[in-house]
Amino acid sequence: MEKISIDPITRLEGHGKIEIFLNGDGDVENAYLQIPELRGFERFCEGRPVEELPRIVTRLCGV
Amino acid sequence: MAKPKLALYWAASCGGCDVAVLDTNEKILDIANLADIVFWPIAVDFKYHHVRAMEDKSIDLCLFNGAIRSTEQEEIARLLRDKSKVMVAFGACACFGGIPALANFANREEIFQTVYHELPSNSNDSGTTPLTKTEVAEGELELPELFDTVLTLEQVVPVEYFVPGCPPPVDLILKLVDLFASGQLPAVGSVIASDKTLCDECERIKEEKKITKLYRPHEIIPDPNKCLLEQGIICCGPATRGGCGLRCIEANMPCRGCFGPPPGVTDQGAKLVSAIASIYQGDNEDDIKRMVEEMVDPAGTFYRFGLADSMMKRKRLHKR
Numbered sequence: 002m003e004k005i006s007i008d009p010i011t012r013l014e015g016h017g018k019i020e021i022f023l024n025g026d027g028d029v030e031n032a033y034l035q036i037p038e039l040r041g042f043e044r045f046c047e048g049r050p051v052e053e054l055p056r057i058v059t060r061l062c063g064v
Numbered sequence: 189m190a191k192p193k194l195a196l197y198w199a200a201s202c203g204g205c206d207v208a209v210l211d212t213n214e215k216i217l218d219i220a221n222l223a224d225i226v227f228w229p230i231a232v233d234f235k236y237h238h239v240r241a242m243e244d245k246s247i248d249l250c251l252f253n254g255a256i257r258s259t260e261q262e263e264i265a266r267l268l269r270d271k272s273k274v275m276v277a278f279g280a281c282a283c284f285g286g287i288p289a290l291a292n293f294a295n296r297e298e299i300f301q302t303v304y305h306e307l308p309s310n311s312n313d314s315g316t317t318p319l320t321k322t323e324v325a326e327g328e329l330e331l332p333e334l335f336d337t338v339l340t341l342e343q344v345v346p347v348e349y350f351v352p353g354c355p356p357p358v359d360l361i362l363k364l365v366d367l368f369a370s371g372q373l374p375a376v377g378s379v380i381a382s383d384k385t386l387c388d389e390c391e392r393i394k395e396e397k398k399i400t401k402l403y404r405p406h407e408i409i410p411d412p413n414k415c416l417l418e419q420g421i422i423c424c425g426p427a428t429r430g431g432c433g434l435r436c437i438e439a440n441m442p443c444r445g446c447f448g449p450p451p452g453v454t455d456q457g458a459k460l461v462s463a464i465a466s467i468y469q470g471d472n473e474d475d476i477k478r479m480v481e482e483m484v485d486p487a488g489t490f491y492r493f494g495l496a497d498s499m500m501k502r503k504r505l506h507k508r
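Going down the list, the sequences are from chains A and B.
Residue numbers 2 to 64, in the working numbering, belong to the letters of the first sequence in order.
Residue numbers 189 to 508, in the working numbering, belong to the letters of the second sequence in order.
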């Protein structure tokens, strides 16, 4: 099946790519949005003092 | 003459560095007049295949923000390095690992365990974690592989200049642009910031006082005119490069080190331990033990932005 990759998706905050599969007629059979990014805030916020979190989680998204 | 070509990219980052470029306000028009932007995912629609098709060294200036923590980020860093004459580590994450490098206190497996299995907000009955290859009915999907260890840009590719900060302040961004536009870029390896420490630039009153107790924010209202460290509030100023414009200090908040170590300092956290130890005053062993206990999360404070760039780089990796 033919595959069209839109990589990266642009003009938004965050990382992503879209894979579009075309069937024999050239129509879209299926499309997948993938997020090729993980930083792990959920993990590394553990153990940090609560008063520091406003200065850490603001770096989840700076847009 | 053709305009110089400018590329901007984000790896493991939050987009704040990209927004800092936009924070130049009307000066962004000067930047657009000065150079053709050939790649900037947050703002302009060019794809990776456009970059791959470029000739080597055809990009004149690449501002690369974000740390490197996946095969894709490493690949794009190498790609942009090949295509660029001048590579700039832009912002704390690219320079020192930044906040994302706090993940170096864990490994990939531990991060996956927390993020995909343990979080109460999760709905993941099948226990799925990201796979580099997934078979679907229509074919195969691929994701980059995450590293155990978050890296700085310079740990992956050679870098000409460093612009620190989380995010870099507008005046330093414009300084870099001016140096580039006028052909006056400094010696390779230069940090576009101050050569002093934050303490040297801070105008708060310092009395060379010793401290006997450390305070958390709910225990004290800081005097806005006096040195925070001498009030018993951990401030990373003695071990941090200046040039930030004292943004946190002026908000009566202690520094957390986003400008990285000052000139001549290899390990920001070790320098900070030394600075704090020199003003710590305990009369006996119990006093000193108490004060050490008052220091909450020393590793996450002293290496808030610099763990990847530190001498230890990460928590020791135990692999099965």
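Do not rely on the hints blindly, as some may be mistaken.
In silico BS3-like pairs for lysine-lysine, Cα to Cα no more than 27 Å straight-line [to be verified]:
#1 B:K273 / B:K191
#2 B:K414 / B:K401
#3 B:K235 / A:K4
#4 B:K397 / B:K363
#5 B:K321 / B:K363
#6 B:K414 / A:K4
These aren't lab readings, by the way, just hints derived from the structure by calculation.
Hints and how they fare:
1. B:K273 / B:K191: Holds. B:K273 to B:K191 sits at ~14 Å (cutoff 27 Å).
2. B:K414 / B:K401: Between B:K414 and B:K401 the Cα gap is close to 16 Å, so the pair holds against 27 Å.
3. B:K235 / A:K4: Given pair B:K235, A:K4 holds - Cα atoms ~16 Å apart, limit 27 Å.
4. B:K397 / B:K363: Status violated; Cα separation ~37 Å.
5. B:K321 / B:K363: violated (44 Å)
6. B:K414 / A:K4: Between B:K414 and A:K4 the Cα gap is close to 62 Å, so the pair fails against 27 Å, i.e. violated.
Hint compliance for this structure: hints 4, 5 and 6 are broken, all remaining hints hold.
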